[in-house]
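Since each chain comes alone in its own frame, lean on the hints to assemble the complex.
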Amino acid sequence: MLNKSVLKNLRSIVGEKNTIFEKEKLAAFNIDNVLPEIVLSPNNIEEVSEIMKLASKESLSVIPWGSGTKSALGNKPDRADIVISTKYLDHMIEHGASDLVATTECGISLKKFQEALNKENQFLALDPPHVGKNATIGGIVATNDSGPERLRYGTAREFLIGLKVVRADGSIFKGGSKVVKNVAGYDLPKLYVGSLGTLGIIVEATFRLYPVPEYSETYVASFSSLKDCQETVLTLLDSHLVLTSLEILNPELNSSLSERNDLYVNDSQFSLVIGIRNVGKAVKEQISSVKKICVQNSGKGALISGAQEGKLWEDIRDFPWKLIKAQRVLCKAGVLVTQIPKALQTIKQLSDENSVKIYVSVRAGNGICTIAIEGEDLSIKNTLKHLRNFMLSIGGYLVLQEAPSEIKNGFDVWGDIGSGLGIMKRVKANYDPDNLLNPGRYI
Amino acid sequence: MATQHKTKSSSWKNKFRERLIEIIGKDGVISSEDELLAYDCDALTGYRIKPIFVVLPSNAKQVSQIIKECYLENIPFVPRGAGTGLSGGALPTDEGIVISLSRMNKILDVDIPNQRVVVEPGVVNLWVTNAVSPYGYYYAPDPSSQIVCTIGGNVAENSGGVHCLKYGVTTNHVLGVEMVLPDGEIIEIGGKTLDRPGYDLTGLVVGSEGLLGIVTKVTLKIIKKPEAVKTLFASYDNVEDAGASVSGITARGVIPAGMEIMDSFCIKSVEETIGAGYPIDAGAILLVELDGPSAEVEAQLPIVEEVLKENKAIQIKIAKNAKERDLLWKGRKSAFPAMGRISSDYYVQDGVIPRSKLAEVLGEIAELSKKYGLRVANVFHAGDGNLHPLVLYDASKEGDLDKTLELAGEILKVCVDKGGSITGEHGVGHDKKRFLSLMFDDNDLDAMNLIRCAFDNKGLCNPGKLFPTPRTCVEPGMKPFKEHPVQKAGMGEMY
Chain A
35 MLNKSVLKNL RSIVGEKNTI FEKEKLAAFN IDNVLPEIVL SPNNIEEVSE IMKLASKESL
95 SVIPWGSGTK SALGNKPDRA DIVISTKYLD HMIEHGASDL VATTECGISL KKFQEALNKE
155 NQFLALDPPH VGKNATIGGI VATNDSGPER LRYGTAREFL IGLKVVRADG SIFKGGSKVV
215 KNVAGYDLPK LYVGSLGTLG IIVEATFRLY PVPEYSETYV ASFSSLKDCQ ETVLTLLDSH
275 LVLTSLEILN PELNSSLSER NDLYVNDSQF SLVIGIRNVG KAVKEQISSV KKICVQNSGK
335 GALISGAQEG KLWEDIRDFP WKLIKAQRVL CKAGVLVTQI PKALQTIKQL SDENSVKIYV
395 SVRAGNGICT IAIEGEDLSI KNTLKHLRNF MLSIGGYLVL QEAPSEIKNG FDVWGDIGSG
455 LGIMKRVKAN YDPDNLLNPG RYI
Chain B
5 MATQHKTKSS SWKNKFRERL IEIIGKDGVI SSEDELLAYD CDALTGYRIK PIFVVLPSNA
65 KQVSQIIKEC YLENIPFVPR GAGTGLSGGA LPTDEGIVIS LSRMNKILDV DIPNQRVVVE
125 PGVVNLWVTN AVSPYGYYYA PDPSSQIVCT IGGNVAENSG GVHCLKYGVT TNHVLGVEMV
185 LPDGEIIEIG GKTLDRPGYD LTGLVVGSEG LLGIVTKVTL KIIKKPEAVK TLFASYDNVE
245 DAGASVSGIT ARGVIPAGME IMDSFCIKSV EETIGAGYPI DAGAILLVEL DGPSAEVEAQ
305 LPIVEEVLKE NKAIQIKIAK NAKERDLLWK GRKSAFPAMG RISSDYYVQD GVIPRSKLAE
365 VLGEIAELSK KYGLRVANVF HAGDGNLHPL VLYDASKEGD LDKTLELAGE ILKVCVDKGG
425 SITGEHGVGH DKKRFLSLMF DDNDLDAMNL IRCAFDNKGL CNPGKLFPTP RTCVEPGMKP
485 FKEHPVQKAG MGEMY
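As given, the protein sequences belong to chains A and B, one line each in that order. In case it helps, my numbering puts the first sequence at residues 35 to 477. In case it helps, my numbering puts the second sequence at residues 5 to 499.
Chain B with its partners taken away, still in its complex shape (with noise of 0.2 Å):
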């Protein structure tokens, strides 16, 4: 990001913000100290910037103005959904506005019998369910926060949730969108049709955190709700035969829709903040879901069951109805608010490994726990590998926070030794970007910022996220940018 933003005067905001009232109407634009506060981050709350302006856009044409706006005045410029992201995407850019997409919030088409609806990026992930479940339809990407967050937000972090071993993430539920790129152009990528010819950008878009432009439509897949539903809740003396179960249950040929983890310490805060009927003295539990047609499901049935009792579960629940199904969940969605009544503050990690590593895993985060002497409770999308261990903290503890990170940077430094990421859902954003290199070397990152340069050749859109250091864009056929050696010792930045 090459741009320097500097501090701009008083009367060029006021003239700035008079051509944006000219846009949206005055409604639509948010000056006042106040009302910005509530725009200085999203739920990682720990890094707090306050935007210029906080705009309200209506259609895809009043989001295009804008930019070009900004582009014309190289103000940086953040989209927003609903601010439930956990890496800081929607950290604001300092001198730089905040576009927030909450005015379009229209379902446009729901279109059954094609199994498609199209909607604006501000509408709720769990109202698209709401839509077509009259029908026998849903929406199968589930992030724990669909009851507030925006499909916007879903595309840009390419969200998954508690079903995707499955039915996949939010990426495999795209089929087209109609974004404005940074310079303002609206242009219509994929659709309702699948194979349009042309590159994949729907592809692209989804997942790039809000880099690539602002998406002001998007195309959806729907699908039937299964026939049958099982859950099935099994406890054991620690995570490793909870872990063993997982592989154990795929490398018989089943793959259930969800299988989800909890340690001993998460099942401990969400007996006592809910009563979801877990045994509390359990080393862990494991949550299987198993959905389909009737046949197949009552076949897979007793192959988990008899999985469950070779890796050592100790009780082992099948749900008998909805509620006690209801019930199995609820313990495990409380998990993260559970944790809020035990530890005055908690850091979520996300990150990946392959599923059969599991175990060492785990013992290596116990021992840093131990190191650091900070608690830690893991709940884990097990099914696909993807860890969520909870680091517990006191932020009025001078050092706390910062050990805290330290403990969590250390955990995705184990994910990325044995093969996985440093991110399975919640996104690079802000706070992960100092740990892309783990992954990703210069040429792989080169190949990352080609890709940005092409859509955003001034670095106006959401700057300052997911790429571990600045990096310009060059002509085609220049010489990349190389980090200077000044830069790389730590020395200096790029301005």
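So here's chain A without its partners, still in its complex pose (with noise of 0.2 Å):
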């Protein structure tokens, strides 16, 4: 328990109003079953350095909070006393349209921000899922999220050019610039991709935009046979053409999404889901190139453009949350593009020997997986080791994204993370000695 006078100094750093610690509003911060003692939402970077300075001097362990969507990654916190949520930090700073960057507060969504760039024809390259939910750009930078569009634009690491972290200290610190090339420095932004808070509190970002694409369409295409659809994909990936994204379903999503989405095509099989946004005509004649590709290789498909295209994709990267929604089990694997087939022969052989239903995404132009998993606690834990080795021998990795306690208890959700892990554990040390932020949870 804080005691009372440090709870109090907390509160008047903030105010009254940006504090919760009731038990009952606490709930909604619950990871793992482990409750905060007190939600501080700070008006401004300086109350977010108020709150670490005390805290570090307290020695409290502090949880940042985005808007919660991927509370559920990382391994239980090993304690939570406070929980510093960014959702005042919501201002963007500046767009420099005709520089393609702009800059903003970390609490923003991606969908607010989105909105701002879009008054410019421009765009924030990344379409991670939970942007219904009001995913935060914090929350999508900390957990390195992505979604389909990585294919043609890459990830956070790539757009991620400048930063600003309160330290576990409270000190403040800028990293990167506000241009797009820039080698002045270690490169600290990518640091704190992925990062998940264990490193600082992510405050300010700057990142390098896109036009948005003149046009936009989708040719979805099923297959009977995993071969057919492992050759088109890696015809596709072999040819000039520029794809958006790329996305094989595996039969049990394509059954469920095809009946979401009015799509015809034949659910019992594999699909490829094949976007490409361009200006008008590279995308007639792209598409049309795509489809040429699918035919060659016995896929039977459908074109869809307008609001019916983009409802798939939101599917697409938010089927673990829209299909499933108590008891999820999700993981995310990355493989390389010549593995797939085999890593999905071995889901459907491990779904079949532990009779439980597993969704399976794969991102094919980048051997990412999304894996969601249904059925009872046993066969899915079994699943998951059998799951995790298979990866591990391929050369792969498998991360358990979000599952119950009693799933989680006794499996490491990230796995071996190589030889790499002594000198991030002398990073993290080095920028957090207390372990204050987000203990026990990654690194």
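Think of the hints as simulated: they come from the structure by calculation, not from any bench. Honestly, I wouldn't trust all of these hints.
Unchecked claim - Far from chain A by the CB rule (all over 10 Å, computed), these chain B residues:
1) Ile28
2) Val114
3) Lys462
As the list claims (entries may be wrong) - Some, not all, of what chain A presents toward chain B, calculated at C-beta under 8 Å:
4) Ile47
5) Lys212
6) His274
7) Ala316
8) Lys334
9) Leu337
10) Leu370
11) Ile457
Here a beta-carbon is modelled for each residue, glycine too, at the ideal position from N, C-alpha and C.
Set out below in structure tokens:
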């Protein structure tokens, strides 16, 4: 328990109305059954710094919080005294449209940020899940979240050119710059992408932007064999076509999504969803080449655009949360593109052996798999164990992103981090010597 | 760098040399005075320091063993690729050794379907493209020294090139490295698969200027050659119009592969030396390269032409074939050597500004040129605001070099004032460390120093580079080092 005077001091930093300490309200900030004692929503960066100074003096642990959409990520926290919510750090600072860059506070939702950028016909080329649930820029950067369009644009590390961070001791520093090309000093923005709040609280970020493509179309093709599907993937990747996204849906996912989206594809098969955003003529010409390649490999498909297209991609990004409402078990795995068929076959086999239902979507150009599992706890545990071993055996990895506590218990959600772990721990120890930030959840 | 490097006795040196020979053999240790001269500087030739030895390891294990010896004896070591760096990143340290990676020059794995290539650090940049080009692929970062510079050096400096506007710089193409830490431990970070769990140390190591360890293996991403390439050339009365064209093109939603501007001074010297067909009396020229699927390039071409015309382009040419395209680029690529013919000496500056501030910054550079009485020629990667002003001087004239450096420094201040950076691709190294504090305050530098200390608590790995003032490492939890007032006033140095 925090002592009364510390609580009082914390509350006085942000003011009463920005403080939550009532038990029933704290429940919304539950992480793996660990509840914080107080939730503070600072009004500005200086207040974040003040909180951290006090936390550091009193050795209080801190969980940075955006909109909580990815609060299930990571191992169970060792402790959680304070949650710092960035919800009032939601101001766009500067949009340098002619330089294709923008700087914002990190509590802003991606949705609000994009709306502001769209006014100048520009956008941040990130399409992670949870946009509808107001996922914040800070949360997306801290968890390195991304979506299908990473094929064309890359991930946050490609766009984050500068940031401002409040360190565990409350000091504020900036890294990178506000210009797209810069090699002055260490590239600290990269370190913070995917650092899960363990190295400081990201309070400001500068991104490089892209012009909004003029037009978009998506071709959905289904394949009776995984071999044909993969052949199509490899042909597309080895072609001159510039695809925006390329997604394989396994039959389970394909069936659910076809129904939801009136796709009229053969829903018992693997589907490829291929999106192209570009100038109109370039979209039309390339989509017709895509169609040709699919047909050559016995794929049968349909062309979609407009609202239907938008909804399908949203469903692909958010399927684990749309399809599975309770007791969700979600993993992210990374494999080489050439290993995708083997991974999908193994998943099918494990699903049969353990009587679990597994929905899979694979970013086919990147080898990133989103795997959602439904079933009995014990069967899921068994599946996870075998799936991780399989991924390791082919040079990939498996991270458990979300699961009920019973399943997380005794399973290291990150798996083997490799020979770099020692140096990562030294970096963490130098930035957060008392291990106050998200203790136990990551490095 | 708190470690004090006392001059070592010759008997100590002999013993140390014997130990190095045990590790890599006699032909892997250079110790003769004549041969060491070849390693006393990189392409920033104004500073020279002779190392005690140069070692040429052939594999990661040897690198690790050498570094362990250095760690034991507190001997600083400096990694070196091809020595083409322009910021003195490979400048040896007094009483230190140089570890040259030139023998580690094998391409280890070419994996076309997964679009990955794994190389040793001594592999020359262009070899990567050569290895994959039969399959229709290439390695995107293309620094102008790409026929000699090495991937290891590119990783250290996070090298760019003329096509990074669209495709990014080295860091966007490096997926993982094997490296030897400054205490000799060999680690692997990142890899062929993406988003591996753990901090993105690869992103941190790329561009760390050889201060965090020695990279011994690099996993690169290769990309498919574009279906179509179109190069446009436009001439203008003045640089402002060329600059406005650049902003205009991106404002219309077109991101070319590269956009390059040269000013009148550069045009003249290039024309006089190689004859690229540029109009000799033009105030500025702009090269725009579009690439991608044919349909995309065809759609963008008229937009770009329109923007060029709107911004008062005098002459617009579109290269009809590869030969014409090569000629247009040849002029740009010869800009530096051409300067060498019209001036005995020149200093290449490297600064970045927001693209939209191009015209005002060029005006200010012209003012500075007048003020200092030194000629400044401008070439730049205009698309990403990366300027390369070339200050011409005469080294034999007393005081000319000092004046040049002062002017070049003033240019960096202008860049930072406009919200830019002191370096876009050449690195801080030895040359620009005193300017780093223009961009970063003490807290920012402390954050960087904590990284260095996590990797290199003894400060042996490429010491004396990047950081403006010596910074010590403290045990976690202790107060970070702050500069002593005496030091700050320039009245003393910390040892």
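Outcome of the hint check:
Taking the minimum C-beta to C-beta distance to chain A, about 23 Å, the non-interface status of B:Ile28 holds against the 10 Å cut. The beta carbon of B:Val114 sits about 14 Å from the closest Cβ of chain A, which is more than 10 Å, so the claim that it is off the interface holds. Against the 10 Å criterion, B:Lys462 stays outside the reach of chain A, whose nearest CB is about 13 Å from its own CB. Annotation: A:Ile47 was flagged as interfacial toward chain B, and the flag is violated, the nearest CB pair being 20 Å apart, outside 8 Å.
The restraint placing A:Lys212 at the interface with chain B holds, with a minimum CB-CB distance near 5 Å, inside the 8 Å limit. Interface hint at A:His274: satisfied, since its Cβ lies 4 Å from the closest Cβ of chain B, which is below the 8 Å cut-off. A least Cβ separation of about 4 Å between A:Ala316 and chain B falls short of the 8 Å threshold, and the interface hint therefore holds. Violation of the interface hint for A:Lys334 is found here, the shortest Cβ-Cβ separation to chain B being roughly 25 Å, above the 8 Å cut-off.
For A:Leu337, the interface hint is violated, since its Cβ never comes within 8 Å of a Cβ in chain B; the closest pair sits about 17 Å apart. Hint on A:Leu370 holds. Least Cβ distance to chain B is approximately 5 Å, under the 8 Å limit. Look at A:Ile457: its Cβ gets to within about 6 Å of chain B, closer than 8 Å, so that hint holds up.
In this structure, the earlier hints numbered 4, 8 and 9 are contradicted, and the remaining ones agree with it.
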